[in-house]
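> The primary structure of each chain is shown beneath.
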Amino acid sequence: QSALTQPRSVSGSPGQSVTISCTGTSSDVGGYNYVSWYQQHPGKTPKLMIYDVIKRPSGVPDRFSGSKSGNTASLTISGLQADDEADYYCCSYAGSSTHVVFGGGTKLTVL
Amino acid sequence: QLQLQESGPGLVKPSETLSLTCTVSGGSISGSTYYWGWIRQPPEKGLEWLGSIYHSGSTYYNPSLKSRVTVSVDTSQNQFSLRLTYVTAADTAVYYCARHRSVLTVDFDYWGQGALVAVSS
Chain U
13 QSALTQPRSV SGSPGQSVTI SCTGTSSDVG GYNYVSWYQQ HPGKTPKLMI YDVIKRPSGV
73 PDRFSGSKSG NTASLTISGL QADDEADYYC CSYAGSSTHV VFGGGTKLTV L
Chain X
52 QLQLQESGPG LVKPSETLSL TCTVSGGSIS GSTYYWGWIR QPPEKGLEWL GSIYHSGSTY
112 YNPSLKSRVT VSVDTSQNQF SLRLTYVTAA DTAVYYCARH RSVLTVDFDY WGQGALVAVS
172 S
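Residue numbers (this note's numbering), protein chains in the order written: chain U, 13 to 123; chain X, 52 to 172.
Everything labelled a hint here was simulated from the structure, so no lab data went into it.
Careful: at least some of the hints might be erroneous.
[Claimed, not checked] Covered stretches of chain U, as calculated for chain X (at least 3 residues, CB under 8 Å):
hint, region
1, 42-50
2, 63-71
3, 93-107
4, 110-120
Keep in mind that this is a model prediction, so the values were computed, not measured.
All residues carry an ideal CB built from backbone N, CA and C; glycine is no exception.
Next comes chain X alone, as it looks inside the complex (with noise of 0.2 Å):
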């Protein structure tokens, strides 16, 4: 059974750079055609995506964010990581990792269970 796991600090200090991990068993990133994703929910409001990764290292973000956004992937250690700078009070949010079959579907079918981080000094 594929799982995922999010972990990093769950607070950061305004202007500084928010990183979290997301650990995959059960499944391996690189042995798949799947892509790996981020999505993020600020406390009582919506899903926002934030950006995918392939096993190959290829990359898409949310163009709202994309000067700030970074996600990376480690096949040796079956995680990928994002990393998102300068951060706000309004990037507090439960972050989520989750996979998806390509570039066009929307389909995040295995999530990770969250990871809160408030941004505050």
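Next comes chain U alone, as it looks inside the complex (with noise of 0.2 Å):
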């Protein structure tokens, strides 16, 4: 069982919105302001989207956006296009005693 909660799996059409959510709890996700999010395709190397919540790395799209409200953090991605289908994972820094955590990912189905 995985440190921070997601949903198993969500979906959108071309074009629309969707959001990830990802539940943790005061000591990690709640606590500090570094939580970050990966895609991963099929086969593929995890690919970094998202980190310290709201910051996107260069050559990410502005269509991915992150955000957190208390103890959970959210992943939206606007716009849906066909290779954004792929996992998504969240992770937080846990505090000075367990450090990192991880999502158990979120599979992305673009219809």
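With the hints as a guide, bring the two chains together.
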């Protein structure tokens, strides 16, 4: 069982927006502004899409955005494209004992 | 362009030690302020962070594996390594090495391609 809870799957049609949630506790997501999101296509290496809750690495489209409210972080993808179909993982700093925790992953299907 | 590459045996027997090395090219481990970590992914499952190291040798580990995991660095070879002792079938996974900014940040921005390690007799 993963430390952070994500929905197993979400779906949306091309052009629509979808939001993936990542729920933790005050010891991880809620306690620090260090949440990241990763996109992983089948058989590929994870790719950093969002870090520090809201920041986008260079080269990541602004269709991808991050946010946080309380113990829940969210990744929103607007203007869905076929290539967005992938698994998405959230990750959070979890304090000086546990350090790093991941979510179980969410499979995004573009209908 | 920074590149990371994992290397090591693809098959390890139960109760033995898994050893992997990550070679960094296009940048210097000792010349950077980044941390270097190991993350694994069992088949059809999610990601799990194992541990990270700074070029000074400072380390921190996943507490659920702490007694079995060791991460070390060899700055002269621009490499860092993972050792996981007393492996079982549950340790079968793709093992990735990756870079992140600091102890606090979880921004793994550069990853190796991954090394599949199977634990089997």
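> All hints, please: hold or fail.
Do the hints match the structure? See the list:
1. 42-50: Three-residue rule met by the region 42-50 of chain U, so holds; n is 5.
2. 63-71: holds (count 3)
3. 93-107: holds (count 4)
4. 110-120: n = 8 at 8 Å, threshold three: holds.
Checked against the numbered hints given earlier, this structure breaks none of them.
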